[in-house]
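If you want the building blocks of each chain, they are given just below.
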Amino acid sequence: MTSAIGLIPILPVAAAAVAGFLAIIRKAEKAAPLFTLAATLAAGVLALMNMPGAGIAPHVAAPWVNLIPTDAALAAPPGPTHGMPPGLSVVVGVTLDPLSWIMVLVVCSVSALVQIYSIGYMAAEKGYARYYCYLALFTASMLGLVTADNLFQLYVGWELVGVCSYLLIGFWWFKPSAANAAKKAFVVTRFGDVGFMLGVLLLVSVAQSFKFTDVFAAYQAVADGSLAVHGLFSAQTFLWLAPLLLLCGAIGKSAQFPLHVWLPDAMEGPTPVSALIHAATMVAAGVYMVARLILLFTLQAGGGAGAALDVVMILGAVTALIAATIALVQVDIKKVMAYSTISQLGYMMVGLGVGGATGQVAGMFHLVTHACFKALLFLTAGSVIHALHHAKDPNDMRSMGGLMRRMPHTAITCGIGVLALAGFPLLSGFWSKDAILAVALQRAGLFGHAAGAGPHAHVALACGVAGLIAAFLTAVYSARMWLMTFWGKPRSDEAAHAHESPAVMTLPLWALAIPSVAAGFLLAHGERFATFVLGGEPGPSHENMALSIVASAIALAGLGLGALLYARCPAVDPVTRLPRPVYALFSNLWYVDAFWSAGVARGSLAFGRAVAWFDRSVIDASMHGIAWLVEQAALGMRRSVSGQTQTYAAVLVAGTVAVVLLMTLYEQVVGSPGPAAAAAGWMVRR
Amino acid sequence: MIDLRPLIPHCLIVGLGILVVLLDALRVRRNACCLGFVTAIGAVAAIALDWMGPDARLWAGQVVADPYSRAFDTIFLAVLAVVALASASDEPHIAFAGEYYALLCFATVGLMFTASAGSLLILYVGIELSTICLMALVGFAKRDRRSSEAAVKFFVLGAVGSALMLYGCSIVFGLAGGTEYGKVLSVLSGVGGFPMVLWLGFGCVVAGLGFKIAAVPFHMWAPDVYQGAPTTITAFMSTASKVGGFAALLRFLLVALGAAPDRWAPVVVALSAGSIVLGNLLAVAQTNLKRMLAYSGITQAGYLLVAVAGASAADSGLAVGAVVMYGMLYGFMNVGAFLVAQVIEDHTGSGEITALKGLHRRQPLLALAMLLFLFSLGGIPPLAGFVGKLYLFAAGWEGGRFALVGLGAVASVIALYYYLMVALQVYIKDPDDDTRIPVSRQVSLAVAICVVATLAIGIYPKPLVQLGDRAAAALHAYAAPRPLSAVPSAQKP
Chain A
1219 MTSAIGLIPI
1229 LPVAAAAVAG
1239 FLAIIRKAEK
1249 AAPLFTLAAT
1259 LAAGVLALMN
1269 MPGAGIAPHV
1279 AAPWVNLIPT
1289 DAALAAPPGP
1299 THGMPPGLSV
1309 VVGVTLDPLS
1319 WIMVLVVCSV
1329 SALVQIYSIG
1339 YMAAEKGYAR
1349 YYCYLALFTA
1359 SMLGLVTADN
1369 LFQLYVGWEL
1379 VGVCSYLLIG
1389 FWWFKPSAAN
1399 AAKKAFVVTR
1409 FGDVGFMLGV
1419 LLLVSVAQSF
1429 KFTDVFAAYQ
1439 AVADGSLAVH
1449 GLFSAQTFLW
1459 LAPLLLLCGA
1469 IGKSAQFPLH
1479 VWLPDAMEGP
1489 TPVSALIHAA
1499 TMVAAGVYMV
1509 ARLILLFTLQ
1519 AGGGAGAALD
1529 VVMILGAVTA
1539 LIAATIALVQ
1549 VDIKKVMAYS
1559 TISQLGYMMV
1569 GLGVGGATGQ
1579 VAGMFHLVTH
1589 ACFKALLFLT
1599 AGSVIHALHH
1609 AKDPNDMRSM
1619 GGLMRRMPHT
1629 AITCGIGVLA
1639 LAGFPLLSGF
1649 WSKDAILAVA
1659 LQRAGLFGHA
1669 AGAGPHAHVA
1679 LACGVAGLIA
1689 AFLTAVYSAR
1699 MWLMTFWGKP
1709 RSDEAAHAHE
1719 SPAVMTLPLW
1729 ALAIPSVAAG
1739 FLLAHGERFA
1749 TFVLGGEPGP
1759 SHENMALSIV
1769 ASAIALAGLG
1779 LGALLYARCP
1789 AVDPVTRLPR
1799 PVYALFSNLW
1809 YVDAFWSAGV
1819 ARGSLAFGRA
1829 VAWFDRSVID
1839 ASMHGIAWLV
1849 EQAALGMRRS
1859 VSGQTQTYAA
1869 VLVAGTVAVV
1879 LLMTLYEQVV
1889 GSPGPAAAAA
1899 GWMVRR
Chain B
520 MIDLRPLIPH
530 CLIVGLGILV
540 VLLDALRVRR
550 NACCLGFVTA
560 IGAVAAIALD
570 WMGPDARLWA
580 GQVVADPYSR
590 AFDTIFLAVL
600 AVVALASASD
610 EPHIAFAGEY
620 YALLCFATVG
630 LMFTASAGSL
640 LILYVGIELS
650 TICLMALVGF
660 AKRDRRSSEA
670 AVKFFVLGAV
680 GSALMLYGCS
690 IVFGLAGGTE
700 YGKVLSVLSG
710 VGGFPMVLWL
720 GFGCVVAGLG
730 FKIAAVPFHM
740 WAPDVYQGAP
750 TTITAFMSTA
760 SKVGGFAALL
770 RFLLVALGAA
780 PDRWAPVVVA
790 LSAGSIVLGN
800 LLAVAQTNLK
810 RMLAYSGITQ
820 AGYLLVAVAG
830 ASAADSGLAV
840 GAVVMYGMLY
850 GFMNVGAFLV
860 AQVIEDHTGS
870 GEITALKGLH
880 RRQPLLALAM
890 LLFLFSLGGI
900 PPLAGFVGKL
910 YLFAAGWEGG
920 RFALVGLGAV
930 ASVIALYYYL
940 MVALQVYIKD
950 PDDDTRIPVS
960 RQVSLAVAIC
970 VVATLAIGIY
980 PKPLVQLGDR
990 AAAALHAYAA
1000 PRPLSAVPSA
1010 QKP
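Taken in order, these protein sequences are the chains called A and B.
Here this note's numbering is used: the first residue of the first sequence is 1219, the next is one more, and so on.
Here this note's numbering is used: the first residue of the second sequence is 520, the next is one more, and so on.
No lab work stands behind these hints: they were computed from the structure.
C-beta: ideal position from N, C-alpha, C; glycine also.
Please note: incorrect hints may appear among the correct ones.
[Unchecked claim] To spell it out: a stretch of chain B is covered by chain A in this simulated footprint if at least three of its residues, at any positions, have a beta carbon under 8 Å from a beta carbon of chain A; those stretches are:
{"no.": "1", "region": "672-681"}
{"no.": "2", "region": "719-727"}
{"no.": "3", "region": "739-745"}
{"no.": "4", "region": "779-786"}
{"no.": "5", "region": "880-892"}
[To be verified] Cβ pair distances, simulated, as ranges:
{"no.": "6", "chain 1": "B", "residue 1": "Pro957", "chain 2": "A", "residue 2": "Ile1274", "range": "37 to 43 Å"}
{"no.": "7", "chain 1": "B", "residue 1": "Ile521", "chain 2": "A", "residue 2": "Asp1432", "range": "50 to 56 Å"}
{"no.": "8", "chain 1": "A", "residue 1": "Ala1872", "chain 2": "B", "residue 2": "Pro950", "range": "52 to 58 Å"}
{"no.": "9", "chain 1": "B", "residue 1": "His866", "chain 2": "A", "residue 2": "Ala1872", "range": "37 to 43 Å"}
{"no.": "10", "chain 1": "B", "residue 1": "Gly572", "chain 2": "A", "residue 2": "Val1308", "range": "32 to 38 Å"}
{"no.": "11", "chain 1": "B", "residue 1": "Ala678", "chain 2": "A", "residue 2": "Arg1856", "range": "50 to 56 Å"}
{"no.": "12", "chain 1": "B", "residue 1": "Ala567", "chain 2": "A", "residue 2": "Ser1423", "range": "42 to 48 Å"}
{"no.": "13", "chain 1": "B", "residue 1": "Gly572", "chain 2": "A", "residue 2": "Ser1840", "range": "54 to 60 Å"}
{"no.": "14", "chain 1": "B", "residue 1": "Gly696", "chain 2": "A", "residue 2": "Asp1432", "range": "56 to 62 Å"}
{"no.": "15", "chain 1": "B", "residue 1": "Leu640", "chain 2": "A", "residue 2": "Ala1872", "range": "24 to 30 Å"}
{"no.": "16", "chain 1": "B", "residue 1": "His866", "chain 2": "A", "residue 2": "Ala1812", "range": "20 to 26 Å"}
[As the list claims (entries may be wrong)] Simulated pairs of lysine-lysine, DSBU-like, Cα-Cα distance not exceeding 35 Å:
{"no.": "17", "chain 1": "A", "residue 1": "Lys1610", "chain 2": "A", "residue 2": "Lys1245"}
{"no.": "18", "chain 1": "A", "residue 1": "Lys1344", "chain 2": "A", "residue 2": "Lys1429"}
{"no.": "19", "chain 1": "A", "residue 1": "Lys1393", "chain 2": "B", "residue 2": "Lys981"}
{"no.": "20", "chain 1": "A", "residue 1": "Lys1610", "chain 2": "A", "residue 2": "Lys1707"}
{"no.": "21", "chain 1": "B", "residue 1": "Lys661", "chain 2": "A", "residue 2": "Lys1245"}
{"no.": "22", "chain 1": "A", "residue 1": "Lys1344", "chain 2": "A", "residue 2": "Lys1610"}
{"no.": "23", "chain 1": "A", "residue 1": "Lys1393", "chain 2": "A", "residue 2": "Lys1707"}
{"no.": "24", "chain 1": "A", "residue 1": "Lys1401", "chain 2": "A", "residue 2": "Lys1245"}
{"no.": "25", "chain 1": "A", "residue 1": "Lys1401", "chain 2": "A", "residue 2": "Lys1344"}
{"no.": "26", "chain 1": "A", "residue 1": "Lys1248", "chain 2": "A", "residue 2": "Lys1610"}
{"no.": "27", "chain 1": "A", "residue 1": "Lys1248", "chain 2": "B", "residue 2": "Lys948"}
{"no.": "28", "chain 1": "B", "residue 1": "Lys948", "chain 2": "A", "residue 2": "Lys1344"}
{"no.": "29", "chain 1": "A", "residue 1": "Lys1393", "chain 2": "B", "residue 2": "Lys948"}
{"no.": "30", "chain 1": "A", "residue 1": "Lys1401", "chain 2": "B", "residue 2": "Lys661"}
{"no.": "31", "chain 1": "B", "residue 1": "Lys948", "chain 2": "A", "residue 2": "Lys1245"}
{"no.": "32", "chain 1": "B", "residue 1": "Lys876", "chain 2": "A", "residue 2": "Lys1393"}
{"no.": "33", "chain 1": "A", "residue 1": "Lys1248", "chain 2": "B", "residue 2": "Lys876"}
{"no.": "34", "chain 1": "A", "residue 1": "Lys1610", "chain 2": "A", "residue 2": "Lys1393"}
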């Protein structure tokens, strides 16, 4: 069965083609989910049947592009390569090592649930098959990304999920806000992707191979000094530049400060899409990438600098903290969740920033549990929005309230998700958040001690403390969100007459609620997750009772404060009574968006106008000139095509004469006559 | 006793041609479209039989059956199958349907011999066989004045080309004492030297082949003939017939003239540069879809010649592989584009590019197919045309033809302009009327095959690359000078 794992990304592609076909012919659109769902489930089952064991990773690969001459019979003596690498060889395939396997399961299960949910959510929408086509395409791209064993495939998947995200955010393209949001998401992530591409090119140029293992080996060799770096950079520069360039990609894709601004806008897309792409999977791709290539970040720390891990950790902590404060003051239910997602992704980065296997495990663990409860939260939000879709702004929590009685399934599952997010003791979020805080603080020498290479202790300490503060804020805004939505009395007619969503939407909620409760305990118990990821060797335990108690206390305090403030449903939102400058800072999103639009965007526009002038009056003018010349030449020559057979025949004969002359006289005219050819003339023997 | 097993597929196709004529004459056409299907199935069967046959050199190496010839046979037969399939829906409407398919089959056999030719004699016979059959086919729509005009033009110019080639052959025969490539090679690389007038002969042969591949300056017939001929025939001529010319040209240049690449290489460079520049410029100015595709075909021949220019007897691997690859994928994408053109022309009665206006509203799947063919012809990844062009230019680059590759790259950008002008009509412009354009099941199937091939080759080119590698290895082995004792002595007539 191992060879069948090659089908894991292919099946959803095929399903996407079928759905796209249905979308084009606009017939039987309702059948689209059958295909995409079947393909997604089949991919998941294939992965389940091929679980990686100790040291065994199921793997299939096929050479894709190969410009290296292979045939021994044709092997000519090596000639000059004109400064190009000796050949380009790209292998595509599916590798299921523990890290990939976990991601495949997360992607397939969340994708399948979202597709089921969408049957209800999108039922009344136009472009039903188109929607499923994009979803399947996204699933395939994401599967291709996570099963890559080389940078090339990783990069291709990386760009493809970006395209799918663009298509899905802009699914309602006729809404200007959706079209703009799609554009913004694409452009902002592009900032990071440029860095990522440069990083990939830099690594490949040194390693002369796309394969992760070769890249790691080359990086290690450069660090050891056994491999020289040619070109622009010194070895030292290469060592810190390469991981930081890769990190740029993660900052864009995983919405880290300061490129997080696209994710809240991306909420313009259909809510199930937000659950799948902008909560559970695609935004986690950056985290996955850093986890996958953690060796590059850690090896360098082994060299004594530690800068790359410091940057990862600081960025993560800043993101976690800032996003949590913004989430506190949002009134749009999806925006709260979007900022919450950004904040949680920041957490994962803090975990990864510890470096090595420890950081990898902590970051990935939170990725998995977060995928469960955040997908759940988004889907419950979708259920609420679906129920209120007649309202002026169905996303506004100020016009909700009291939905508990009207929508019990949604309310209870959302409550479970909220508690998991807040880190309520023993729910899944508690375990994974605890693991991140533990490894970070232990790096700083608190609650135990960590050995090996990693970030600087004072950085780890600051970030760990920031994580604790963010955990408190998370609990507060979680409680606020749930209470404002479901508690108290309805604050609008629509909320008073809302109806629970159909079973096809509530069943996926319950299906996600179960892992949101239990996944953390099941995976953390006996270090099961770490053992699996590390391929059989149980990692050192980072559990620390004291820290767990502190973290629980913080979570409970935050939830308690939230309940205290919001349980009585005050008419004025208590967060607006924060000190004025603080509230202004939070509600203005820390002025990051303003910075981008006023500083960067306007500056770019001014620069752009100058360039545009140059472009119009110099470049375009000359291009138009060339185009005009081409056109005139074409028209002129077209006139020469007379249609006269005699002319044609004459040209034919003249051409033949020219060929013969070129063959015989070329050496005399252009080339250097050799000793034999010197005597060559008409009828002269060579 | 000569082992004739390698010729079984050739015989099969000849038999197939006779069979369809008989079927037609006996009015076995109960199901009106059966002749096309019979031809297509026969062609596919011939591909299979071809690859099962043994490698051999018949009649002192005059006919060579090796993976090189088989790779090209596969291209011709695949194009034959697709074209026959696409013609099937017209069967009830055309007189002499049996003759139509029979002539197509005979033209294909001629091309197969062209690819197998190991001497100028067989080369000439193969080329003539295919050209004469095509002359009849070009004029097949007898009541259409354009078709007749095209046939006459093709006939007259073909005769000139043929005469030039035959003249060249006779010079070579007279001076070298034979027309087998091995013989020519031994004369060229012999110690005693050779008369320079031999190059007059070679030049004429190259000109004849240049006519076949429609390279500048031997291209002038192509747009008129392509425009006038029935579109399915145009599709066949612009792909199979052109690729056949390349099959012969590569073997002739790399084997017979393998000892003197510095003499023919400048000619190839000149033909290539001329085709790329002129083909492109003239394509820009066209308003008729088939004419535009004809000029684009001249440009494509120029791209193929980039790889040929990069080849030399010592290291032809990448170039031969690239030409085989491109021949195959070009066959599918170009036939596909012509088939779409035919559907539109049949329905609207206009061959202008503007007739495709708003096709996506009138026939969305056909519009998508056309878009894919155009993008592939333009060389946009991940479609077949991109991979093919990558290999062609890589071969040119490896052979040191940097300027030519640069020219090709610039030309590719200009080419996008006229391909996308068609796409503009298909997708952006609104149609004059919204009625659906009907597409027969047979044509749909043929277009679908072309779409699948264009996509599949683009996404996973490996099998085709391997085919190219095999062909290249075979040609290399064939060109390698062998001890004289291993060459069977020529049989006296």
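### Violated hints - listed by number, lowest first
6, 8, 11, 16, 18, 19, 21, 30
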